[in-house]
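Visitor: Model the full assembly from the supplied sequences, consistent with the hints where possible.
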Amino acid sequence: MISQIQSLGHKALGFFQRLGRGHILIADILKGQPALFLRPSLIIQQLYSVGVLSILIVVVSGFFVGMVMGLQGYNTLVDFGAEESLGVMVALTLVRELGPVVTALLFAGRAGSALTAEIGLMKATEQLSAMEMMAVDPIRRVLAPRFLAGFISMPLLAAMFSAVGVLGGYFVGVGLLGVDEGAYWSQMQASVDLYEDILNGVIKSIVFGFVVTWIAVFEGYDAIPTSEGVSRATTRTVVHSSLAILGLDFILTALMFN
Amino acid sequence: MDENKTLVKVRDLKFSRGGRMIFDGVNLDIQRGKITVIMGPSGTGKTTLLRLIGRQLKPVEGSIIVDGEEVTTLGHRRLYELRKRMGMLFQNGALLTDLNVFENVAYPIREHTNLSEELVRTLVLMKLQAVGLRGARDLMPAELSGGMARRVALARAIALDPMMIMYDEPFTGQDPISMGVLVRLIRNLNNALGLTSVVVSHDIEEASSIADYIYLLSGGKVVAHGTTDDLANSDSEWAQQFMKGKPDGPVPFHFQSQPYADDLNI
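For the record, the sequence lines run as chains A and B. My numbering puts the first residue of the first sequence at 1, with every later residue one more than the last. My numbering puts the first residue of the second sequence at 1, with every later residue one more than the last.
Incorrect hints may have been included.
Below, simulated DSBU-like cross-link-like pairs (lysine-lysine); rule was C-alpha separation at most 35 Å, straight line [as the list claims (entries may be wrong)]: (1) A:K11 with B:K84; (2) B:K221 with B:K84; (3) B:K14 with B:K34; (4) B:K58 with A:K31; (5) B:K34 with B:K9; (6) B:K84 with A:K31; (7) B:K221 with B:K244; (8) B:K58 with B:K34; (9) B:K221 with B:K5; (10) B:K9 with B:K244; (11) B:K221 with B:K58; (12) B:K14 with B:K84; (13) B:K5 with B:K84; (14) B:K34 with B:K244; (15) B:K58 with A:K11; (16) B:K5 with A:K31; (17) B:K58 with B:K9; (18) B:K244 with A:K31.
No wet-lab data here; the hints were simulated from the structure. Note that the structure is a prediction, hence the values are computed from the model and not measured.
Guide: Quick look at the structure:
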């Protein structure tokens, strides 16, 4: 019994220590942001590897998700003779929910895991230590640009996901199932609100981008510097990011849309 | 010892990790312009000592003074200023894998100076020439052998003309030719650039051949120190066992265990 309580206490302490280290790290990363604007090449390089290389998976997924929503939405709406509202349904679902959430999940799997593995391996091969000994702060030189790139990329990727998803819904709804093209676009234009829907979706994707990139760089930096440690850290990034995205989505949705 | 001649002064150093005491009152002095070798069996914390001197780790107690500055209490800015004057050669080279040889050596120069591209090129080629790898400037780290990677890392370590270089196990896993090259490089660079070198090693023959002074570490303490000749002729059983590579002695062959017969139930 005592040993179980001890073990529980040990785990709780470990959890809070990690939480503390994570917050100290993000504070250091944020402190390093202003200096990055003097060296834009560092950010551009990371925007490419974190953002641009994620475009393909996001765009393809967005198109398929939009097509599925076109199919499913049509089948439901047609029973009520409301198939002309397909455009609104697809757009609202994507902009408010699926765009930010699915993009963030894909982003955690594609870019988050890559960030953790890269930083973890740099630690395991002593590259981060070597930087420290060259008087180069790895938090500012390695972590800060990656964090900023993830933070910038995520909302842009979510916007792409939603836009392509709307096109996917259009392709299936209008192109294959015969929904009126004018109704598809005009109802969407009339019902989707810039602030209520789009801005809230953008805020969600910004929050997800912050959290996913934070988790990814922290897990990499805090990884045990062995192959097993890096592997575990990469898994943790995907699992923790996914849970954080879904949990935060619930909280944000509750706050934004009552 | 003369204060001005001592570049690194370690006093009453205590350090523990995971509940295990690694250093329990270590005292040592590293003289300017000399090659000081720190030897000891695996697991005695030789690499840890280098990390403590570079303040990548913080001791529990004790003082480490490098070039007159107390490293253990230095602030971030002054620590990084001090590190610009220290080079470290890691065991596996620790080259940045996404940069080629030239860019790896140029890295600290670009990070800390605003020199023109032409001057950076000249400096990098001079450093690569010193380690014999000017021709390998376009290779990626993955294309280098272990010995070449260490030489590139050495070129990078001397890129900013530091006052001292710390070598972490530079001879481990090297073929005899690479080993000979590294031994010669460490000695030549030390003399030519007026460096102070700290070499952590357990390769007795190679390390002894270039050492001006040797410290032997074991059980968290300095157990013997002196020149190569001093240690070879030392009365210390420990020094004799280590310098002559005897399998048994003060460092036992067997890990601590219950009696053999008891273990076999006879």
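Visitor: Each hint should be assessed against the structure and marked as holding or not.
Guide: The hints, checked one at a time:
Our distance criterion of 35 Å between C-alpha atoms is broken by A:K11 and B:K84, whose separation comes to about 40 Å. Distance restraint check for B:K221 and B:K84: the Cα-Cα separation of roughly 29 Å lies within the 35 Å cut-off, and the hinted pair is therefore satisfied. Proposed proximity of B:K14 and B:K34 is supported: the alpha carbons are some 25 Å apart, at most 35 Å. Among the hinted pairs, B:K58 with A:K31 is consistent with the structure: their alpha-carbon atoms are about 23 Å apart, no more than 35 Å.
Taking the CA atoms of B:K34 and B:K9, the gap is near 14 Å; set against the 35 Å cutoff, the hint holds. A C-alpha spacing of about 22 Å is found between B:K84 and A:K31, which places the hinted pair at or below 35 Å, so the restraint holds. For the hint linking B:K221 to B:K244, the alpha-carbon distance of about 20 Å falls within 35 Å, and the restraint holds. Proposed proximity of B:K58 and B:K34 is supported: the alpha carbons are some 25 Å apart, at most 35 Å.
Of the pairs offered as hints, the one joining B:K221 and B:K5 holds, with about 23 Å between alpha carbons and a cut-off of 35 Å not exceeded. Straight-line distance between C-alpha atoms of B:K9 and B:K244 comes to about 29 Å, which keeps the hinted pair within the 35 Å bound. Restraint check: the Cα-Cα separation between B:K221 and B:K58 comes to about 17 Å, which is no more than 35 Å; the hinted pair holds. Using a Cα cut-off of 35 Å, the hinted pair B:K14 and B:K84 holds, with the two alpha carbons roughly 26 Å apart.
For the proposed pair B:K5 and B:K84, the alpha carbon gap of about 20 Å is at most 35 Å, so the pair holds. For the suggested pair B:K34 and B:K244, the alpha carbons sit about 24 Å apart, so the restraint of at most 35 Å is met. For the hint pairing B:K58 with A:K11, the CA-to-CA distance comes to about 25 Å; that is within 35 Å, so the pair holds. Straight-line distance between C-alpha atoms of B:K5 and A:K31 comes to about 40 Å, which puts the hinted pair past the 35 Å bound.
Taking the CA atoms of B:K58 and B:K9, the gap is near 15 Å; set against the 35 Å cutoff, the hint holds. For the proposed pair B:K244 and A:K31, the alpha carbon gap of about 53 Å is over 35 Å, so the pair is violated.
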